[in-house]
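Protein chains in written order, with the working numbering: chain A, 1 to 152; chain B, 153 to 289.
Careful: at least some of the hints might be erroneous.
Said to hold, decoys possible - No farther apart than 27 angstroms at their CA atoms in a straight line, the calculated lysine-lysine pairs in the DSSO-like style are these: (1) B/K264 <-> B/K191; (2) B/K241 <-> B/K254; (3) B/K191 <-> A/K60; (4) A/K40 <-> B/K206; (5) B/K241 <-> A/K40.
Unchecked claim - To give a feel for the contact side, a few chain B residues facing chain A, derived at Cβ under 7 angstroms: (6) T208; (7) S209; (8) R250; (9) T251; (10) D257; (11) P279.
Derived from the structure by calculation, the hints contain no laboratory data.
Idealized CB from N, CA, C, for every residue including glycine.
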Amino acid sequence: MTVRIFMQRPIFLTLLLAFSLCASGCPLRWQRVTLNHPIKADDVSFIVPGQTTLKQVLEKLGVPDQIEHSTIGPITQYDFLDAKEFKVDLLAPLPLAVSAVAVVPGSYRQMELQSGGIGPDHFRVFFDSNWIVQSYAFEIHPQATEYRLWPF
Amino acid sequence: MGRDSHASRVARHLIASMLVIAVFGELSAMTGCAFVRGKYGDRFDPADVESIKKGTSTRTDVAARLGAPDRIIEVNGHEIFQYYDYDLKSGTVLFFSRTNIKGQDLYVFFNKEGVVDDVAFGKLKPPPEFQFWPFGD
């Protein structure tokens with residue numbers, strides 16, 4: 001599913017590119033990228049399978065990011081994403097201590113530790129052919145996004 | 153002897169403080185501040201959306217008003233035109249950076265005759281905020 005989203009939405013590729021570009025050229029960086037406002041369990045407590053309609057879902061949660069077809073019925077999907085990254089170049093202060101090192105090009109005196117993760121989260125609502133909710137589910141990756149110093 | 157020891161302690165503290173300031177200054181000089189805004193697609197004009205009439209407007213009318221759709225989906229016997237746009241705001245201050253992106257979607261449902269059956273536009277999401285602090289919610 002994630003691969004398909006990346007294919008369908010060029011913004012995800014742009015986002016990843018922006019993420020990597022912004023991280024370059026800086027010896028110390030905490031960086032975060034968020035897509036849309038996360039939907040939480042409390043936000044969807046109004047949904048009653050077998051009763052709630054598409055219109056009611058749209059009124060409360062807004063328009064979904066995707067509508068897909070399945071053999072059972074339509075599926076609406078809300079996408080939200082959190083990405084975190086920490087980076088440090090341990091040798092960046094070296095020219096201050098050993099001035100001769102300054103003549104070495106910057107790219108040859110780097111020792112970067114970089115670690116992070118992307119949590120592509122989704123909320124999906126499954127409908128029957130009359131657009132009545134049959135079930136719903138979250139796909140959340142809370143462990144995927146953390147600032148970590150040690151990448152090993 | 154005691155005075156020498158005190159003087160050397162002060163000197164060491166002074167050197168350490170200067171080193172910390174120099175390192176921080178060096179790192180700061182390598183970073184900086186930036187505020188960036190980007191968009192993917194045009195934000196929908198509510199007037200254009202309101203001009204689409206259920207039971208009257210056709211595929212051609214919709215395409216003439218909103219342009220070619222970003223995606224065409226077939227779901228539950230309906231052909232659906234999907235339009236979307238994204239708004240990006242990014243802030244960087246010293247070592248901290250945060251980028252917020254929000255998407256907005258519009259769906260136009262057609263019946264088998266190619267006439268608009270429904271329009272799913274919903275409430276507009278508020279635009280993303282400029283932030284640089286990457287911690288917390």
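Quick rundown of the hints versus the structure:
1. B/K264 <-> B/K191: violated (34 angstroms)
2. B/K241 <-> B/K254: holds (9 angstroms)
3. B/K191 <-> A/K60: Distance ~26 angstroms between B/K191 and A/K60 Cα, so the pair holds.
4. A/K40 <-> B/K206: Violated, at about 33 angstroms.
5. B/K241 <-> A/K40: holds (23 angstroms)
6. T208: violated (20 angstroms)
7. S209: violated (18 angstroms)
8. R250: holds (5 angstroms)
9. T251: holds (4 angstroms)
10. D257: At 5 angstroms from the nearest chain A Cβ, B/D257 passes the 7 angstroms test, so the hint holds.
11. P279: violated (12 angstroms)
Checked against the numbered hints given earlier, the structure breaks hints 1, 4, 6, 7 and 11 and satisfies all the rest.
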